[in-house]
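A.B. asks: Okay, here's what each chain looks like letter by letter:
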Amino acid sequence: MTTRVVHYINQFFAGLGGEDTATVPPASKAGAAGPGRKLAQLLGDDFEIVATVWCGDDHAAGPEVMDDLLALVRAAGPDVVVTGPAFTSGRYGLACARVAAAAAAEGIAAVACMHPDNPGIDEAGTAPVVASGEVARQMGPSLETLAAAVRKVAAGEPLGADDGRVGKIPRRNVTVDRTSAERAVALVLARLGGDREATEVPLPRFDQVTPAQPVTDVTTALVALVTEGALVPDANPDSLESARATRWLRYSLDGRDVLPAGEFRSVHGGFSTVWANEDPHRIVPLDAARQLEAEGAIGKLHGEYLVTAGNGTSVGNARRFGVEWAADLRRQGVQAALLTAT
Amino acid sequence: MRAVALGDQTTYDAGTLTVSSAEAAALVADPALAEVRVSWASPGDSTRIVKVLDAVEPRTKGPGGGGIFPGFVGPAMPQGRGTTHVLRGTAVVTAGFLPRAQEAVVDMSGPAAPLSPLGTTHNLVVEFAPAPGAAWEAVYEALRNGSLALAARLAEAALGATPDAVEELPGLPDAGDRSLPRVAAITNLQTQGTFKEIFVYGRSFGSIALPTLIDPGDLDDGAVVSGQLGHPSLKNPTWVFQNHPVVAALRARHGVDLLCAGVVLSPEPVDATNKELVSAHAARLCKAAGFDAVIVTKEGGGNADADMALKMDALEELGIPTVALYAEMAGADGTGPSIVVPPTKATAMVSTGNYDERLSLPAMERALGGDRVDVAAATALDAFELPAAVVYASLSPLGWGHLTCQEAS
Amino acid sequence: MERAGIPTALLCNLTSIAERVGAPRIVPTRGIPYPTGDPSLGAEKERAWRRRLVERGLEAVATAVHKPTLFPVDRETE
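Chains as they are written, first to last, in my numbering: chain F, 1 to 342; chain Z, 1001 to 1409; chain H, 2001 to 2078.
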């Protein structure tokens, strides 16, 4: 039986042009196209590229087109979804990673191909990524790596470093014979024996943030108060979670100069909230900010505060809250924010 | 314990524990409680216990408790000597609504059962209704004191019986014994006051108390009692302190390739300055005590990782090799950064599993502790999905569990 | 938020974590449960302390930075 492959590429590799056509919408055609023709040859007769899906780089970097792209992918009935190679192209790499991630999340086998330094690499979710070269000149060897990976992924076999796998590898809970405490004792004996490398937990890698430009004049700026300290109206009317928050909320500050004890409280589950509940300004400093606003040190305070609970919140959700807060605040003309964190 | 029942009298006979409901309820009764009910939940039952508050292993040192749970049942004096009688395979479990508690679930069958210490024990579940107008602090105290008294009473039922097993535990090694590496445990306690505190000899261990060294035998006799109602999967229940897994694992190698040299209890302060102080002090204490290596554990979420990282770094600076037990918080799909605060000078870490990974729990025929599981927006009897984070003690920071994380294909 | 162009002062106590994860503008505070407070001070002094923290936050968002930078409250001006 032939394995049905759907291949995602960008508008450039689909032959539609470069930056001038970076805004073309999602589309697809039957069969292989561009680098897909060579990929089909490498895959041989057991595989068929049944459709090629593409999109302009400008669109593909936005999450809103993902549903359209996935619908095109799904319509072709793939056994395997293959994206790239994207080399070091940022927007293309992001799209390749997100399409592969979305397919994998639906239970479709998927693999993406890009250079390890491609900024999109961390967006591949649970889909594996194999390394391409840095530039399109290295298409040949990149496709060979990808074709070998497609064969393995289609067969349900794991991909490892030997297959050119790069990027994040999902960590899964497994049950082992020895307790964690017994393993800790074995590890301490290994350390005493001189092993400085052994560990069950790899050191985390955090992404780098380019700082924003400063505001030129705070005395005319619109400034927002935001917090992960889970301060909400006393009844917690919107049921903010005390741990592992999946959402954030907004509460009006219009006409308010203070946040009285008894009217507001923290539902954060990560620390004792006795102090926060005695005086909610210990979490959201509205009293001081209003005073500074009245004195002209702040142009104007934003009319609401944004809040979530930062307790065991996954980095993925926290990143999403940040993106959503930024978008929300920018729409409303906010120029700077004070974020209190517990 | 091989079988349990409720009956007219509290008795033990050949592996079967029968509990008088009336006597049990009377032991827990308090002006702050309008009602107390007890029932058994055993391994394999189609039973879910929700809103679990704490679990205590029935133990006694003689009639009237004889010094067990010092500071609560027995006098506040060091213990850890002589004989301790244990009803293995049982727990007294308090369950029900308290305002600051976070939902904690135990399933007695299905995929979540083996993840919790209570999934494999016969649990005498204590449910309650608060008295009208009672302060929640008083309700909590009544439940804590009552469950300790009840646990001691149950163990007394077997005082006259021949034990199924006798374990002889090693005492602390002589101060000058350098025959094998002296390995100790640092046990961090998240202790911040009411509803989020830990008791040592019945005293609340303050959030900026200096680390202190205790004899592991004290833990066997219940010198450390949990009052921690947060962090369902990342707390250390009294039952787990009584069976301190790191101490147990060290004792298992005692005299073979190491000496089990002691336990340091340390708070997890709520500010960076005091976290640094107690970490530096704990490291000095370990150096002065002559420890050759240390295993560090925590209680709580991300900020508690900082307490472990600071201690690991402080110990390594003094030349003491250190291992710490971390729970991973890698997101539901396991691709996020695993830990909030890694150490910098040494990186020997054990993983107790990913807190965020979800599991499917089956429908159950019986629920104890409450009717709903709000974090799953479901009734307590429903089938639903939950992150491992909600399963009671499933990522046991003290190392009770068998979970770890591995890279998926 | 910084990446999206909104300069954001992070008022928190565990500044070593904030620096490690790359938060650009950090105002050190005195305790995890009370980022803009200090219950040990008494009401009046605590309000003054909170005001200084907010002022420092405003200075932070008006200052150009290139890497994680601490903006501690100057002891003399507490």
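By construction, these hints were calculated from the structure, which means they are not laboratory data. Hints should not be assumed to be uniformly reliable.
Under 7 angstroms between C-beta atoms, here's a sample of chain F residues computed to sit facing chain Z [as the list claims (entries may be wrong)]:
no., residue
1, Val50
2, Thr88
3, Arg91
4, Asp117
5, Pro170
6, Arg172
7, Thr175
8, Val201
Note that the coordinates shown come from a computational prediction; the quantities given were computed from them, not determined experimentally. Heads up, the beta-carbon is just placed ideally off N, CA and C, and yes, glycines get one too.
A.B. asks: Any of the earlier hints contradicted here, and which numbers?
C.D. replies: 1, 2, 3, 4
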